[in-house]
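S.K.: The lines below spell out each chain.
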Amino acid sequence: MLYIRLFAACAAVLVAFVGARYINWHPAEDMLTVWVYGSPQEAQLFRRMAEQYRRENPDKLFRLEVVPGRSVVQKLLTGMDAGHAPDVCVLHWRQMAQVSSTGQLLPLDELVKRDGIDVGDYYPVGLEAYSYHGKLYGLPVKGSTVTCFYNKDLFDQYGVEYPSPDWTWDELLEKAKKLTIDVDQDGLYDVYGCSPYDIANYVWSGGGKFLRMEDGRYVSNLDDPSVRDAVQFYVDLYFKHQVSPPRPGMRTDATMSTFTFEAGRIAIDISGPWRIPQYQYLDRFEWDTALFPKGPDGRKTRYASVGFTIWKNSKQPELAWDLVKHMVGSQATAAMAQLGSDMPPQRSVARRAFVRDDTPWSEETFVESMEYDVHLFPQELWWEDLYRFMLDDLDAALAGRESVEEALARAHQTTNDYLDRIYAQGDDL
Amino acid sequence: MKRQGRAAVLFLLPNLLGFVIFTLGPVLVAAGMSLYRYQLATGTPSFVGLGNFADLLWFDSVDGAWQARDPYFWQYLANTLFLMLNIPLSMTCALLLAVLLNREIRGRVVFRTLFFIPHLCSGIAIYMVWTMLLTYEPNVGIINGFLWKLYHIFGVTGADAAALLPGWLIDERWAKPALIIVFVWASAGGFSMILYLAGLQNIPPELYEAADIDGANGWMKLRYITIPQLAPTTFFILVTSVIGGLQGGFEAAYIMTGGGPGGSTTTISYYIYTQAYQQLEVGYAATISMVLFALIFVATLINWRYGGSRLETS
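Chains A and B, in that order, give the protein sequences.
Just so you know, we're using our numbering here: the first sequence kicks off at 25 and counts up by one.
Just so you know, we're using our numbering here: the second sequence kicks off at -7 and counts up by one.
No lab work stands behind these hints, which were simulated from the structure alone.
Backbone N, C-alpha and C fix where the C-beta goes; we use that ideal spot for every residue, glycine too.
Do not rely on the hints blindly, as some may be mistaken.
[To be verified] The list that follows gives simulated cross-link-like pairs (lysine to any residue, SDA-like), each with its CA atoms no further than 25 Å apart:
no., chain 1, residue 1, chain 2, residue 2
1, B, Lys141, A, Asp214
2, B, Lys141, A, Thr204
3, A, Lys336, B, Tyr269
4, A, Lys99, B, Val91
5, A, Lys176, B, Asn131
6, A, Lys339, A, Asn81
7, A, Lys99, B, Thr36
8, A, Lys159, B, Tyr269
9, B, Lys(-6), A, Lys264
10, A, Lys99, B, Lys168
11, A, Lys99, B, Met124
12, A, Lys99, B, Ala151
13, A, Lys339, B, Thr36
14, A, Lys99, B, Glu243
15, A, Lys99, B, Ser38
16, A, Lys99, B, Tyr28
17, B, Lys168, A, Arg434
18, A, Lys201, B, Thr149
19, A, Lys318, A, Phe401
20, A, Lys233, A, Glu395
21, A, Lys264, B, Asn131
22, A, Lys336, B, Ser38
23, A, Lys99, B, Tyr269
24, A, Lys99, B, Asp204
25, A, Lys264, B, Ala151
26, A, Lys202, B, Ala151
27, A, Lys202, A, Asp260
28, B, Lys168, A, Thr282
29, B, Lys(-6), A, Ala32
30, A, Lys264, B, Met124
31, B, Lys(-6), A, Ile28
32, B, Lys141, A, Ile28
33, A, Lys99, B, Thr34
34, B, Lys168, A, Phe263
35, A, Lys202, B, Asn131
36, A, Lys201, B, Val132
[To be verified] Cβ-to-Cβ under 10 Å is the rule here; a few derived chain A residues that face chain B:
no., residue
37, Thr102
38, Glu185
39, Pro270
40, Glu342
Throw the hints in and build the complete structure from the sequences for me.
M.R.: Structure (structure tokens):
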């Protein structure tokens, strides 16, 4: 009897194991797999779009799976390595270099050309974000750049003028100083003027860049005086002027701070439209939007987007492509915009679907922000790793333990050492 | 007897199969992979022998100074070892809590439950709450708020008081001690305390009675009866904590500091993750894993050699 029970238990485990393999890891030849991730509302929207495609194409078999965004690259690359990856996958633009450098994504240039996709309607940076070494590997479903949110109540209460479309870093500092307030006069700030977001926006708007090309290879550009001035301005916001709440280093997202815009403790939150899903329900104060302030070299901000890609070894590339076209088409991106989650990647749809009359804040700002100089980080596999080390070195300046010159000199050395190592390994750069 | 033996094997088989397929197999594959330069999903591994180990551990002489080929590995290893200082602190706290809870005090069950609660809570929730507690600004961070008030009582105010506040999560010098405090808080009342409690209840009461007759005080009883009698428990907790400590630290650092400031809370496990899934260098990540495995192995051997032999002696 014991043996029978044991046998039955083992058989059940085996059946479950084989079943799980069949269902999840071995898509049948005629069943296309699509991986998406995002907020619950976005996931719901992706499902809705997929259902619509299914209704219009009842003979096409596919399965849409909502996967955790944080581990999607890990799962995807492991699956690609093992030869069992989803046919279609949603990727953030900062994951593109990692995945496309493996050569496992299907180039889309020919398909885009063949089917007459109106690439001219896309913001060019959106297509660049999904390109790697000159080839297009994905199409964005949403995309936008860095802008500002400001607490109108605080501005009104302390008699500070709202940001103008042409406002500058100096004005940002001036307003932030006025809005860094010790409400109860206990010697501690209760409201901070601004949360400055990623340092890259300041380096670029200051006329600098992190890397430059020299003799056909990347070298550090952190010895450029314009980079120094931009980093100095950024660090001064935290350390000298104390108009921004301290944070545990530049690596972390500043929104991890307990001083948040939502709590009414940050007057100017430099961020992007991807914050709207959180901010749209704020009823404690009124807020509005403004463009990123101009630096010495104008307004140069960082792009952010999410897009669809296709696995090179998909058994049904045509069906995958057809589905991707549907998922990033104007109907889908307009629906995404209506959700308020982010801006459509196409100019025409952005203006038509994202700008609304029924909200007290201006979405026009987000659309306009895309008309300025929108930047990307170098689309290289090693960039994210290198950037982390750079920021680690700059943390000493952020904490006031080193001067900006000292921290930059160290970051400059770190960057060149890192790049030397990468080139010595003979990686395909 | 033979029949019982077969049944035992059958009962062990599922676990054994799981171990071979999901643990031993991957470990062996990782060991092999550490000898290759292998980028995930590119499918072209190239044999480099011990090249990855040399790149990870070797020092080169540059202008007369020794320079690590991979300085980050050494920095993150030092971080990991520093963070492991929480182990003796956690064990001491767990022992003290267990000794207290082993006494006939009112509300013992309530206290036992309260101390164990951190172990039942989600790590993310704990780290988020501690992030708020350790916030630098005294009007938000409760700990610095308390210090701020304390300084004021002693007449230290304004910038002088601010200069004396620890920069918990925002200062390289304080970030690791801050994480150690969190680890001690989270683990002192956990399984270590429960194991110590079980160990305490197994100590024969006659030993304490004999000590009472000999006129031993509380400290002497703790020093000469409780601690030696708990040696097997201490040994078990130490071994498992050292293994966990060398592998851990990722979650707290990821949530509370993002590995910063200045990489001061980045641990080896975080480095393995970024090498494998951000740089796609799975061969190199496997090499780091093997070195970590060797460290754990050596640490456990040392524990067995000294802790184990003392146990046998006692």
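S.K.: Next step is simple, just say for each hint if it's right about the structure.
M.R.: Each hint, compared with the structure:
1. Lys141/B <-> Asp214/A: 16 Å, holds
2. Lys141/B <-> Thr204/A: 22 Å, holds
3. Lys336/A <-> Tyr269/B: This hinted pair holds, its Cα atoms lying about 20 Å apart.
4. Lys99/A <-> Val91/B: At roughly 46 Å apart (the allowed maximum being 25 Å), Val91/B and Lys99/A break the hint.
5. Lys176/A <-> Asn131/B: At roughly 24 Å apart (the allowed maximum being 25 Å), Asn131/B and Lys176/A satisfy the hint.
6. Lys339/A <-> Asn81/A: With Cα atoms ~18 Å apart, Lys339/A and Asn81/A stay inside 25 Å; holds.
7. Lys99/A <-> Thr36/B: Roughly 19 Å separates the two Cα atoms, so the pair holds.
8. Lys159/A <-> Tyr269/B: Holds: Lys159/A and Tyr269/B sit about 23 Å apart, inside 25 Å.
9. Lys(-6)/B <-> Lys264/A: 79 Å, violated
10. Lys99/A <-> Lys168/B: 31 Å, violated
11. Lys99/A <-> Met124/B: 32 Å, violated
12. Lys99/A <-> Ala151/B: 50 Å, violated
13. Lys339/A <-> Thr36/B: Roughly 22 Å separates the two Cα atoms, so the pair holds.
14. Lys99/A <-> Glu243/B: 19 Å, holds
15. Lys99/A <-> Ser38/B: At roughly 23 Å apart (the allowed maximum being 25 Å), Ser38/B and Lys99/A satisfy the hint.
16. Lys99/A <-> Tyr28/B: 22 Å, holds
17. Lys168/B <-> Arg434/A: 22 Å, holds
18. Lys201/A <-> Thr149/B: Within the cut-off at roughly 22 Å; holds.
19. Lys318/A <-> Phe401/A: Satisfied, since the Cα-Cα distance of roughly 19 Å is no more than 25 Å.
20. Lys233/A <-> Glu395/A: 20 Å, holds
21. Lys264/A <-> Asn131/B: 20 Å, holds
22. Lys336/A <-> Ser38/B: 23 Å, holds
23. Lys99/A <-> Tyr269/B: 9 Å, holds
24. Lys99/A <-> Asp204/B: Violated: Lys99/A and Asp204/B sit about 62 Å apart, past 25 Å.
25. Lys264/A <-> Ala151/B: Distance ~13 Å between Lys264/A and Ala151/B Cα, so the pair holds.
26. Lys202/A <-> Ala151/B: 20 Å, holds
27. Lys202/A <-> Asp260/A: 15 Å, holds
28. Lys168/B <-> Thr282/A: Given that 25 Å is the threshold and the Cα spacing comes to 20 Å, the pair holds.
29. Lys(-6)/B <-> Ala32/A: Between Lys(-6)/B and Ala32/A the Cα gap is close to 22 Å, so the pair holds against 25 Å.
30. Lys264/A <-> Met124/B: Distance of about 24 Å is within 25 Å: holds.
31. Lys(-6)/B <-> Ile28/A: 18 Å, holds
32. Lys141/B <-> Ile28/A: 71 Å, violated
33. Lys99/A <-> Thr34/B: The given pair, whose Cα atoms are some 15 Å apart, holds under the 25 Å limit.
34. Lys168/B <-> Phe263/A: 22 Å, holds
35. Lys202/A <-> Asn131/B: 20 Å, holds
36. Lys201/A <-> Val132/B: 20 Å, holds
37. Thr102: 7 Å, holds
38. Glu185: 27 Å, violated
39. Pro270: 5 Å, holds
40. Glu342: 23 Å, violated
The structure does not agree with the numbered hints 4, 9, 10, 11, 12, 24, 32, 38 and 40 stated previously, though it agrees with the rest.
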